[in-house]
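Q: Turn these sequences into a full structure, and let the hints steer you where they fit.
Chains as they are written, first to last, in the numbering used here: chain S, 514 to 826; chain E, 55 to 109.
Treat the hints as calculated values from the structure; they're not laboratory data.
These numbers were taken from a predicted model, which means no experiment stands behind them.
Glycine is no exception: its CB is placed at the ideal position from the N, C-alpha and C atoms.
Just so you know, not all the hints are guaranteed correct.
To be verified - Incomplete in silico selection of chain S near chain E, CB under 8 angstroms: (1) A521; (2) R525; (3) K529; (4) H544; (5) S572; (6) S574; (7) A646; (8) G647; (9) N765; (10) E769.
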Amino acid sequence: MRPLAVLASRVRYEEKRVFAALERRGIPYAHLDTRRFSAELGGGTADPPYAAALNREISHSRGLYASMLLEARGVPAVNRSGVIEVCGDKLRTSLALERAGVPVPRTVVALSTDEGADAAERLGFPVVAKPLAGSWGRLVAAVPDRAAAETLMEHRAALPSPQQHIVYLQEFVDKPGRDIRVIVAGDRVVGATYRYGDGWRTNAARGARSEPCPLVPALVEPALAAARAVGGGVLGVDLVEGPDGPLVLEVNHTVEFQGFQTAHGDALDVADAIVSYALEQAERDGSGPDDPPGGEPAAPPGHDVGAALGGTR
Amino acid sequence: MTRTCPECEGPVELAEPVRLSEIAQCADCSSELEVIGLDPVALALAPEIEEDWGE
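A: Structure representation (C-alpha cells):
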C-alpha cells in the first residue's frame, strides 16, 4: 500500500490528531520532516512515492516548495502549491476573492511607503495595516489617524524586506469582539467557531477563546466561495461580521484547529475530515492508497523519516 | 514518560505515544522543547519562531 506523506517539521496538537486519525483508519503514512527533505528534479510523475501528501508544514517557504516538489513527482498535495501561493499573500488572496465576488472589507494597496499615508487617508481612518505575508496577527496594526499612519510608514520603510514596503490596508470593521473561523475541506464545511479576543485582534495564536458558531447559509456561502476562489482544499476561512453580513478577512492554508476542536468536543473531528479529504485527493488525482506499485512493501504506520526524492539520469 | 529539560534539568512529562518533532513545554522554566530522538527519547530546545511561520 502506497503511504500517505504527512509533512511537518513541528508536531503539535493538530499533527498528533492527524496521525491518530490515520492510525485509527489503518492508513499507512510517512511523517516527513521538511527540515530533512530534499528532492532531485527530473523524476517524472510515473511512479509517485506517496498516495498523497498532507502538508502541515508551519514554514510557508518550506511548505510551498515541498508541495511543488511532490506535485512534480505526481503526488497530489493537500494543499496544492498554487493554493499555498495564493493564501500566503494577502494581495493575491484579495484579488482571488474579488474575482469570485466574495464579500471582503474595503481594501487599498500602495506600492511604496511614500504613498501609504495618503492611501490610508483616502480609505478613511481608522484602517488596519497588514503585512502581505505573515500569520497569527503578527505586525498587523490598527491605524487611527494620519499621524499614526505616517509613523507606521516610517517604520515600514526601515524594514529590510522590499515586500514590507508594499502597504496593504483594509477598513477597520467594528466587529462585536469576535471573528469567525470556518474550516472547509473541499466542498464541505467542517464547522465554525466564534473567536473572542481581549483586544481588537482575535487570532487564536493571540489567545482568543473559541466557541461553537452555528452554520447558517449567510456564513457557509461566503466561506465556501472563498475556499473555491483560492483554489480549494483544506482551508481556514476567517470572517468578520460587518454591518451588511459576513466579510472574508483571509484564508489560511495550514489551518490550526486546537481551539476549534476543543470548542466542538466530540461533535466533529477536524483531523478526520482532513484525512478524508486527503484520501479523496489520493483517489482522484493519484493512484490511491490501495493501488500500490508492483511489489512495493507497505510503509509501517507512522514511521518518522526525512526523505530524499531521487530523479532519473 | 518523564524526561529532563535540557535547559533547567526539571522534569518534563511527555504523553505517549511520543512523536518525533513533537513540541513540549517545560513546566519549570517554560522552555519550548522538541523531541529530537525516539530511541531513546531525547529533548532539545525547540527552534525559535521564524518570520514565515504561520497557518
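Q: Taking the hints in turn, state whether each one holds.
A: Against the structure, the hints come out as follows:
1. A521: S:A521 check passes; min Cβ-Cβ to chain E is 6 angstroms, inside 8 angstroms.
2. R525: holds (6 angstroms)
3. K529: Where the cut-off is 8 angstroms and the nearest Cβ of chain E is about 6 angstroms from S:K529, the hint holds.
4. H544: holds (7 angstroms)
5. S572: holds (5 angstroms)
6. S574: With a minimum Cβ separation of about 5 angstroms from chain E (threshold 8 angstroms), the hint on S:S574 holds.
7. A646: holds (7 angstroms)
8. G647: This hint holds: S:G647 lies near chain E, its Cβ roughly 6 angstroms from the closest one there, short of 8 angstroms.
9. N765: holds (4 angstroms)
10. E769: holds (5 angstroms)
The structure is consistent with each of the numbered hints, conforming to all of them.
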